[in-house]
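Residue-level listing of the chains:
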Amino acid sequence: MFVLVVGGGKVGYYLTKELIESGHEVALMEKDRARADQIADEIGSIVIAHDGCEGKYLAEAGSNRADVVAAVTGDDEDNLVICQMAKHHFDVPRTIARVNNPKNEELFRHLGVDELISPTRMILGSIEQDIPVHELLHLAALGENELELIEAHLQDGSPAVGRAPKDLDIPEGCSLFAVIRDGVATPLRPDTVLEVGDKVIAIGKNECEKMLHDQLIGGETVRG
Amino acid sequence: MNIVIVGCGRVGAALAETFDRAGNRVVILDESTRSFDRLPSSFGGEAVRGDGTDEDVLRRAGAEEADLFIALTEGDNRNIMAAQLAVEALGARKVIAKINDPVRATAYAELGIATLCRTGLMIDAINTYLGLPASGLAGMLAPTGHHPGGEHHQHEPGEAVGVGVPTEQPGVPAQPSQPSAPAGLTQEA
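Going line by line, the protein sequences match chains A and B.
So the first sequence is numbered by the working numbering: it starts at 1 and just counts up by one.
So the second sequence is numbered by the working numbering: it starts at 225 and just counts up by one.
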């Protein structure tokens, strides 16, 4: 298979190396001459020191006979244009684009890019699996006495669900005073039983935050 | 008319001023606030600092359903992406992108974007001045094909867009009024 890789950053460099090792024919386009020379010194004369967005150089790189074009530069607009030019101007059967802004995914797909790789989305995905989905939300800092207005969104697994404020161990100097349920705010009474989805509004000193967190959010990491 | 211009260089600023004076609602975007110095103090439109290839930025700037969207930054690919966002995501009616690489300019005209190529314009201006034959590189290309997204109906090539600018005003090219052979628009054969 003949693969044309555009963009000689870390991704393009390692991708090219791996492809060569798997026995594919590869050409790498990198517009920065110094970077292109550096890669060429190591992996040989398959590096083309030209801008892969420029039609003339895409043609010279043999894109009309490429089976795959992989656009892996750091700029979304460049990757989009490389893939579109490859697809519509050089009839490349398969185009792959690196997408940095996850919001661009839909547009790229819509415009005919065959495959999208989004490092941002992948990293985001792994992070969201490992951190609590909901933390305490700081609504406002209230002046002199280091008081803060805090919102806690109760999730499954919160120790406060099914219990009322009088049964919770609320730190001194801290007050739970309202609950928002189905968009309606009501004063939180000592015997109001809390439910999943409730947003509890509290006011308290900064140092109470850890205890509030344990009581309302729970100490354990929620896995998404 | 709602007009959005991405890139406040000399051309962008001059167009913004003209369109604004003619009573249109004009939004001009640029990544650098300094470039807004090119706008006259009388400019009544909006100057928004931001990346014209970011859909959120364009929406916040009020670029949805623009009657005319012109991408004039110094980056061909930025202009291409902004123009395609305008067509696909924002429902712009008429879109023009400056693309200085003649190969890309032709390719995107075929994909349904009106393109403006400084390379072609300048070469032919010089050729004309020197009495040499035309280069064959088109300066302005009307869309010859349809944009792959295609749901939003773009203006037909050469279809007039009434920006309310008097055509006799010096320095302002006449708006093409006929679908055939509009002045300054070379349609690809």
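Please note that a few of the clues may not be correct.
[Claimed, not checked] Cross-link-like lysine to any residue pairs, in silico, SDA-like; alpha carbons within 25 Å at most:
hint: 1; chain 1: A; residue 1: Lys56; chain 2: B; residue 2: Arg249
hint: 2; chain 1: A; residue 1: Lys56; chain 2: B; residue 2: Gly360
hint: 3; chain 1: A; residue 1: Lys17; chain 2: A; residue 2: Asp32
[As the list claims (entries may be wrong)] Over the 10 Å line for every Cβ pair with chain B, so calculated as not near, a few chain A residues:
hint: 4; residue: Ile39
hint: 5; residue: Gly55
hint: 6; residue: Ala59
hint: 7; residue: Asp67
hint: 8; residue: Asp78
hint: 9; residue: Val81
hint: 10; residue: Gln84
hint: 11; residue: His88
hint: 12; residue: Asp91
hint: 13; residue: Glu106
hint: 14; residue: His110
hint: 15; residue: Arg163
hint: 16; residue: Lys166
hint: 17; residue: Glu172
hint: 18; residue: Phe177
hint: 19; residue: Glu207
[As the list claims (entries may be wrong)] Listing some non-contacts, in silico: residues in chain B with all C-beta distances to chain A over 10 Å:
hint: 20; residue: Ser259
hint: 21; residue: Phe260
hint: 22; residue: Gly299
hint: 23; residue: Asn301
hint: 24; residue: Pro326
hint: 25; residue: Arg328
hint: 26; residue: Ala358
hint: 27; residue: Thr368
None of these hints come from the bench; they were simulated from the model.
The structure displayed is predicted, hence computed values, not measured ones.
Ideal Cβ placement from N, Cα and C applies to all residues, glycine included.
Now for the hints, and whether the structure bears them out:
1. Lys56(A) - Arg249(B): violated (39 Å)
2. Lys56(A) - Gly360(B): With a Cα-Cα distance of about 16 Å, the restraint between Lys56(A) and Gly360(B) holds, given a limit of 25 Å.
3. Lys17(A) - Asp32(A): holds (19 Å)
4. Ile39: Fine: 22 Å to the nearest Cβ keeps Ile39(A) off the interface.
5. Gly55: violated (2 Å)
6. Ala59: The claim breaks: Ala59(A) does not keep its Cβ more than 10 Å from every Cβ of chain B (closest is about 8 Å).
7. Asp67: holds (20 Å)
8. Asp78: violated (5 Å)
9. Val81: Answer for Val81(A): violated, closest chain B Cβ roughly 4 Å.
10. Gln84: violated (7 Å)
11. His88: Violated: least Cβ distance 6 Å, not greater than 10 Å.
12. Asp91: Holds, since 12 Å exceeds 10 Å.
13. Glu106: violated (8 Å)
14. His110: violated (6 Å)
15. Arg163: Given a closest Cβ separation of 41 Å, the condition holds.
16. Lys166: The claim stands: Lys166(A) keeps its Cβ more than 10 Å from every Cβ of chain B (closest is about 45 Å).
17. Glu172: Fine: 44 Å to the nearest Cβ keeps Glu172(A) off the interface.
18. Phe177: holds (35 Å)
19. Glu207: Check passes; 38 Å lies beyond 10 Å.
20. Ser259: holds (19 Å)
21. Phe260: For Phe260(B), whose nearest Cβ neighbour in chain A is about 22 Å away, the distance exceeds 10 Å, so it holds.
22. Gly299: violated (7 Å)
23. Asn301: Violated: least Cβ distance 4 Å, not greater than 10 Å.
24. Pro326: With a cut-off of 10 Å, Pro326(B) comes too close to chain A, as the shortest Cβ separation is near 8 Å.
25. Arg328: Violated: least Cβ distance 5 Å, not greater than 10 Å.
26. Ala358: About 20 Å separates Ala358(B) from the closest Cβ of chain A, which puts it past 10 Å; holds.
27. Thr368: holds (12 Å)
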